[in-house]
Amino acid sequence: MGGIGSLATARPVRTVGSYWPYATTLFDYVRRAMPITNPLSLSDDEVYAVSAYVLFLNGIVGEDAVMNAQTLPQVKMPNRDGFVSEWPPRARN
Amino acid sequence: MDRKPRGDSPSRDVRDKAAKKSRRGFLKQGAALVTGAASAGLAQGADSTTAAQALAGHPWERVYGAGFTGYGQPSRFEQPVMRHIGKPYGDLAPGSGSALAPIEALEGIITPSGLHNDRSHSGTPDIDPKQHQLLLHGLVQRPLAFSMQALWRYPMTTRTHFLECSGNSARALAPQPAQVPAGAMHGNIACSEWTGVPLRVLLEEAGLMPQAKWILAEGADSAHMSRSIPVEKALDDAMLALYQNGERLRPEQGYPVRLLLPGFEGNMNVKWLRRLKATEEPTHTKDETSKYTDPLPDGRSLQFTFEMGVKSVITKPSSTMKLPRTGFYEISGIAWSGAGRIRRVEVSADGGVTWADAALTGEERPKALVRFRLPWEWTGKEAVLQSRATDEKGRVQPARKAWLAQFAPDVRYHNNSIVSWAVGTDGSVKNVYV
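Top to bottom, those sequences are chains L and W. Going left to right, the first sequence walks through residues 1 to 93 as the working numbering numbers them. Going left to right, the second sequence walks through residues 1 to 434 as the working numbering numbers them.
There's no promise every hint is true.
[As the list claims (entries may be wrong)] Some chain W residues close to chain L (C-beta under 8 Å, calculated; not the full set):
(1) His284
(2) Asp298
(3) Pro409
[Said to hold, decoys possible] Stretch by stretch, here's where chain L covers chain W in the computed footprint (C-beta under 8 Å, at least three residues):
(4) 211-224
(5) 289-295
(6) 299-305
FYI, nobody ran anything at the bench for these hints, they're computed from the structure. Positions of the beta carbon are idealized from the N, C-alpha and C atoms, including for glycine.
Required output: the full structure, derived from the provided sequences and hints.
Written out as structure tokens, the structure is:
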């Protein structure tokens, strides 16, 4: 949690809220890998709830926000435009 | 260390002519040094007393030897040669982290399968090959599912390639230089002979649709680690590897099938491959956004930096070792590039002030390790050993400070900067930052 606005400073803090470009990646990761001791055990509703909770902890959505297939893709993360694609690669040393 | 100390440089003749010397001329010089060293007393003279001792008959010569085993193991006297294991979450997640190859103890270019670097996100799954399937679907004309038995019948190819984790040498970015063996810092690299089915063959059978520009590769580990692969690489030299160094893949290397993308960062060479899904856009998985991205000083980050850069490291002598006495030593190390072949490796003994070409031994294969060697006379003075590789595209391994200047302070990936080992007057070899 935290770190929003710190990426260009001498002490960048990279979290879901400050660094991740897409909220849907959070859904994907929780669904495939969590909980660490029993992955693939959560229902889609539960994955949406966990995603909503993590986004709330990071101050991205409000406490009453409902995340589902329509609302989650609408969430714009603070670092949405923070990545530069290197594919195809440009010439470099 | 801020200062580059004057110390022993490679033979004065070599340094003076380094700029113009051909490799053949340099090897002759090397041979001369070897001859000189041999007469300097590396071997003990075998007088009749020494000969009698050597032939007296040790205990192992007086008893019948051990019987045959089904799967051979190293000598018990080599037990200390093991992978360096790092588990950042401790026993909470004992399979999340890395087991690094002990490159300081290895020679040649092939990493023994049991010592190959192993980076995993949720440990090694125990996969039954009779039940495991590889699904190929998404933007294809014919979605397909392959059993291992089916995959095994496709035409195969054999290639020798390195696999390097993008986070290799991240430990060398710590504020203070760690005094641990070379492998504990730079050992997330290994090189094997891989045999498997070219991915192109399966993609042609499934029939990629024209709008398919990316392929999501997903593993069957509990983390279901997944990465987006550009279709150009998938159709180029990508392989579904089934064999490693002649035998079936080890479990920690992806048994029964892994994706092999020669020259691309290790994370993308998905182990325990269970799915390839052709898509129009990249999936932007956790491991290509949150991780494996390169932060810049201005707050932005580079994404999709797939190709591993040109790199080398001296493995012998290296940090924590000690030179027992002055005299001849053969500097030995490994070099590689994700872009292709290594063209040259230079070695310095004075922290980068002067350089001489090392000899590259063995076949120069693209996107594989090459072993370099250079004879060196240590006269007892302080020295700082470095190696600098150049690949066939003309890219040169960068100095540490120049590389660091490109990134934000918390950069962790793609560290291919020059490695420095300081030799003290007592012969101790230490990790230093130059």
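Each hint tested on the structure:
1. Because the smallest distance between the Cβ of His284/W and any Cβ of chain L comes to about 5 Å, under 8 Å, the interface hint for this residue holds.
2. Satisfaction of the interface hint for Asp298/W is found here, the shortest Cβ-Cβ separation to chain L being roughly 6 Å, below the 8 Å cut-off.
3. About 6 Å separates the beta-carbon of Pro409/W from the nearest beta-carbon of chain L, less than 8 Å, and the hint is met.
4. Three residues within the 8 Å Cβ limit are the bar, and the stretch 211-224 of chain W against chain L gives 4, so the coverage statement holds.
5. Under a criterion of three residues with beta carbons nearer than 8 Å to beta carbons of chain L, the stated coverage of the stretch 289-295 of chain W is upheld, 4 such residues being counted.
6. Counting residues of the stretch 299-305 of chain W whose beta carbon lies closer than 8 Å to any beta carbon of chain L gives 7, which meets the minimum of three for the stated coverage.
Hint violations for this structure: none, all hints satisfied.
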